[in-house]
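Novice: Single-letter residue listing:
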Amino acid sequence: MDDLLAEFIAETREMLEASGGEIVAWEADPADRARLDTIFRFVHTVKGNCGFFDFPRLAALSHAAEDALADCRAGRREPDPALVSAVLAIIDRIAAMVDAVEAGEEFPEGGDEALIAALDDVAEAGADCAEVAEAPLHAPASALLERGEDAASPATRRTDAATAQRTIRLPVELLDRVMSGVSDMVLARNDLAHRLRQAGNQPTIDGPFERLTAILSDVRDAITRMRMQRIETLFGALPRLVRDLSAELGKQVMVDLDGGDVELDREMIETIRDPLTHLIRNAIDHGIEAPSTRLAAGKREIGLISIAARQSGNTIAIVIRDDGRGLDEDRIAAKALATGLVTPADRVAMSRDKLVNLIFEPGFSTAETVSNVSGRGVGLDVVRQNLEKVGGSIKVASVPGEGTQFTLQIPLTLSIIAGLTVEIAGQRFAIPQGYVEEIVQATPAALELTRMGEAALITFRGNRIPCLMLAEVLGLETREARRELTLVLLRLASGDLFALVVERIHSHGDLVVKPLAPAVMKSGLYAGSTLLDDGQPVLLLDITNIAALHNLVSDGRTRVVRPLDEEAAGPAQAAPRAMLFTDFAGRRMAVRLELVQRIETASASAIDRSAARPRLVIDGQILPLVGLPDTPPATDKLRLLRLGDGLCEVLQAVRAVEDAVELTEALVPVPEDPLIEAMTLVAGQPVALIDAHELFARHGEPPLAAPGARPRCALPDNEWARTILAPLVASAGYDIVAGDSADPQVVTILSEDLYEAAKLLGRVPAGPVIRLRDHPGDSARSETIYRYDRESLLAALAAVRTARLAGGQRS
Amino acid sequence: MSELLVIIQIAGRRCALSAHDVKSVIEIGAITPVPRAPDFITGIAALRSQTLTVIDCRRALGLATGEAPTDDRAVVVASGGHAYALMVDAIEDITTATGAPGQVPGGFGPEWSRAARGMIETITGPALLVDLAALIAGPDAARGEIEVAA
Chain A
1 MDDLLAEFIA
11 ETREMLEASG
21 GEIVAWEADP
31 ADRARLDTIF
41 RFVHTVKGNC
51 GFFDFPRLAA
61 LSHAAEDALA
71 DCRAGRREPD
81 PALVSAVLAI
91 IDRIAAMVDA
101 VEAGEEFPEG
111 GDEALIAALD
121 DVAEAGADCA
131 EVAEAPLHAP
141 ASALLERGED
151 AASPATRRTD
161 AATAQRTIRL
171 PVELLDRVMS
181 GVSDMVLARN
191 DLAHRLRQAG
201 NQPTIDGPFE
211 RLTAILSDVR
221 DAITRMRMQR
231 IETLFGALPR
241 LVRDLSAELG
251 KQVMVDLDGG
261 DVELDREMIE
271 TIRDPLTHLI
281 RNAIDHGIEA
291 PSTRLAAGKR
301 EIGLISIAAR
311 QSGNTIAIVI
321 RDDGRGLDED
331 RIAAKALATG
341 LVTPADRVAM
351 SRDKLVNLIF
361 EPGFSTAETV
371 SNVSGRGVGL
381 DVVRQNLEKV
391 GGSIKVASVP
401 GEGTQFTLQI
411 PLTLSIIAGL
421 TVEIAGQRFA
431 IPQGYVEEIV
441 QATPAALELT
451 RMGEAALITF
461 RGNRIPCLML
471 AEVLGLETRE
481 ARRELTLVLL
491 RLASGDLFAL
501 VVERIHSHGD
511 LVVKPLAPAV
521 MKSGLYAGST
531 LLDDGQPVLL
541 LDITNIAALH
551 NLVSDGRTRV
561 VRPLDEEAAG
571 PAQAAPRAML
581 FTDFAGRRMA
591 VRLELVQRIE
601 TASASAIDRS
611 AARPRLVIDG
621 QILPLVGLPD
631 TPPATDKLRL
641 LRLGDGLCEV
651 LQAVRAVEDA
661 VELTEALVPV
671 PEDPLIEAMT
681 LVAGQPVALI
691 DAHELFARHG
701 EPPLAAPGAR
711 PRCALPDNEW
721 ARTILAPLVA
731 SAGYDIVAGD
741 SADPQVVTIL
751 SEDLYEAAKL
761 LGRVPAGPVI
771 RLRDHPGDSA
781 RSETIYRYDR
791 ESLLAALAAV
801 RTARLAGGQR
811 S
Chain B
812 MSELLVIIQI
822 AGRRCALSAH
832 DVKSVIEIGA
842 ITPVPRAPDF
852 ITGIAALRSQ
862 TLTVIDCRRA
872 LGLATGEAPT
882 DDRAVVVASG
892 GHAYALMVDA
902 IEDITTATGA
912 PGQVPGGFGP
922 EWSRAARGMI
932 ETITGPALLV
942 DLAALIAGPD
952 AARGEIEVAA
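Heads up: the sequence lines are chains A and B, in that order. Be aware that the first sequence starts at 1, since it is given in the working numbering, and climbs by one per residue. Be aware that the second sequence starts at 812, since it is given in the working numbering, and climbs by one per residue.
Looking at chain A on its own, in the form it has when it is part of the complex (with noise of 0.2 angstroms):
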């Protein structure tokens, strides 16, 4: 929550700054609709900002000048030097209230609905009321003034603000630069390990030559950090913005995130996030119905909204879906006919598909009433603009009855993602990690591998799965018929699946993507190239472009409608899989393969061994590690399997990853060893298979990181929790929630008197509920806790989830 504060103050205050001009030159001639747009769209994104966040001083001076400006817009008004005025005294208390706000402070009360009165009053006066406009220009800097002289004078605070945030904006070329350096470095570092592993051990080089690759590979994860972040930020905001509107509109809407660790370019982020949320506006808004509407259409009462993260080498596809009434086909047809955008024989002769694209004209919006939630004038066509300004696109696809789909295609210039590598006919490709979903080794005969004409199909888990063989996509030879087939199962962002084909698995690992030449775009079948810790280049699949050369994309509607099948199909009947591994003891072992997440790789000296047990950090989780042998291994590279239980997430060091297997033969428990759950023969081979239920209540915990398993914490609900409480809760490991008193998992923290009046009206939270007092004194009364008694607030908090922790492993 901090951060997109901070995000928040930042844009706001860069826009602030970009708009000085336009302010100015509007201000020298209003009739200017160039500037006049510009200022519209400011104090848009302002009133859309203030969506995130409880400001609603801000939103209704915000929305009140878009209000005026709108008019103008539309030509309902004439723009005059009052009007100007009026809108720019407006302004400048936006950016005194963001510097309060970025302080810490309450911005004085007041004076804010003399502000949004000059609007209207100067619409009827006329030009002698600028003197309306002139008085509460001034107001507020002299009441922070005021304010300053009893505290601090605003001029030291806002440095203190400055040096708390310690950001700086840099030119993305010069990371760019930096970037391909540190890459350059890496791959020398490699070719210079080479030869020292060919001239044999040398001590007095080993030692200063393991730590130039320690700060090396620091410096390119600062670097990779620099310019990437996980989708993650912009989707975090998301579901908060998905409640509140559909409270506001009176809906019930259920949103579904998927694809968060996807990492793209911060640049790109801030591109993307206001036509992300003018669609996901849209979608509450317009798409889902009301809720007795919708029972009423046999659907489920909660609308659904999931949104998807999909990367394929050089495009980020995003799918925001809904399932609502779907586009009014009728009535986009009348309106573009009536805006003259079509001809009533082009009409006749569209598709619904072309139809239905119409909206992103200039100029569209078939909403009938305007609401305070879509806005208006900032349309599609704006949202489209953004997107294609920086090389994307978006198109959108819709049933009647059944949903609107939106897919934003965004392009990245560079590029970290998840890949795994494959090999086919002896030559490598790269698969983005996104799109995997499971790869599996098994005969022919066991996937039922069939032949439809040219097509292939598998059955797996009961499923029929379209197969596609990379040999035959790449027009490659492949040796004899391999006994087993390796299969690598993908999940396009459109939620279709199919498989592919290859003759190994080498490696997961980061691939920095980079673009090809269009020569070779053309083919169709990559979306990158990318170099290998070896300095060879391989090419990365465009997964949804072989997908789609191969029509196995549908129009991409089968995950919402059928959800539940899709859970229920589930838990195969087939014999249990597990994942084989040999452990450092040297035994054979084997975990069943739903807890296996991923096979990580990690550098033996990351690990922590501070605390009692060993922790690593991967992903930016701290993860418990179990398997470790005594003395440290010999070799600086880590297998590890990544075991999750839903909640809690294990590593378990092995000392070499065999294969996945079917559990066929029977499994015999052994009740001797609490950690071993059954021996059971893998090809004859005695194999003994791994008690998740102990591993998990011994070692699992909760990675902190991970949203939704944290625990959430509700705050009394005024301006000094908000500013000043939030922040120490959540990086306490909270999520701040709303106040909910009825459910027990929720921690309130309460101050004294209303901790009291709530006990009187009978009106105790269920959950665990922290006491603050206003005074220090008095400390004798353990019950509560001084509101600035930073010690005892965080040990409060951390013994409450300590019992929750604790309760939870029982349960």
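Careful, some of the hints might be misleading.
In silico EDC-like pairs for lysine to aspartate or glutamate, Cα to Cα no more than 20 angstroms straight-line [stated by the list, open to error]:
{"#": "1", "chain 1": "B", "residue 1": "K834", "chain 2": "A", "residue 2": "D184"}
{"#": "2", "chain 1": "A", "residue 1": "K299", "chain 2": "A", "residue 2": "E402"}
{"#": "3", "chain 1": "A", "residue 1": "K522", "chain 2": "B", "residue 2": "D951"}
Ranges between beta-carbon positions, derived for each pair [claimed, not checked]:
{"#": "4", "chain 1": "A", "residue 1": "A606", "chain 2": "B", "residue 2": "R928", "range": "50 to 58 angstroms"}
{"#": "5", "chain 1": "A", "residue 1": "A606", "chain 2": "B", "residue 2": "S924", "range": "53 to 61 angstroms"}
{"#": "6", "chain 1": "A", "residue 1": "E437", "chain 2": "B", "residue 2": "S835", "range": "40 to 48 angstroms"}
{"#": "7", "chain 1": "B", "residue 1": "D904", "chain 2": "A", "residue 2": "A606", "range": "49 to 57 angstroms"}
If you are wondering where the hints come from, they were derived from the structure by calculation, not from laboratory data. C-beta atoms are modelled at their ideal positions from N, C-alpha and C, and glycine is treated no differently.
Given chain A, put chain B in place with the hints provided.
Specialist: Quick look at chain B alone, frame taken from chain A:
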């Protein structure tokens, strides 16, 4: 007019590239082939952290590859924001142009004309000045244009 030129040989002919376009001359290492790409694209190769698209210049002109070996060095050029490595017969020298590019009576022949900006006189004798973008576009690009014209 004293533009610097890099003199190379393609299919036995002397050609000139503007030195402005040439980033470096490298010994080309392992080339990763690109399945289903046009045949004038030999593959991709790595130059430090950069990916180069390796172009077989003879095929890019639409000429038969012939038996003559190519130089094991390649010319690295940049065009349209991408880096390419040009496989040529030989890389001769860097020289200075002594005049502006001009045409020769009768033209250069259909394959060459597409990728030629004209004949250029240099201190070491005349050479054919290559139009880099046209060369990299490959022989199919020209065919497409002819179809459009027809």
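Novice: All the hints need checking, so say for each whether the structure fits it.
Specialist: Hint-by-hint comparison with the structure:
no. : hint                                    : result
1   : K834(B) <-> D184(A)                     : holds, 17 angstroms
2   : K299(A) <-> E402(A)                     : holds, 9 angstroms
3   : K522(A) <-> D951(B)                     : holds, 12 angstroms
4   : A606(A) <-> R928(B): 50 to 58 angstroms : holds, 55 angstroms
5   : A606(A) <-> S924(B): 53 to 61 angstroms : holds, 60 angstroms
6   : E437(A) <-> S835(B): 40 to 48 angstroms : holds, 43 angstroms
7   : D904(B) <-> A606(A): 49 to 57 angstroms : holds, 52 angstroms
When the structure is compared with the earlier hints, no violation turns up for any of them.
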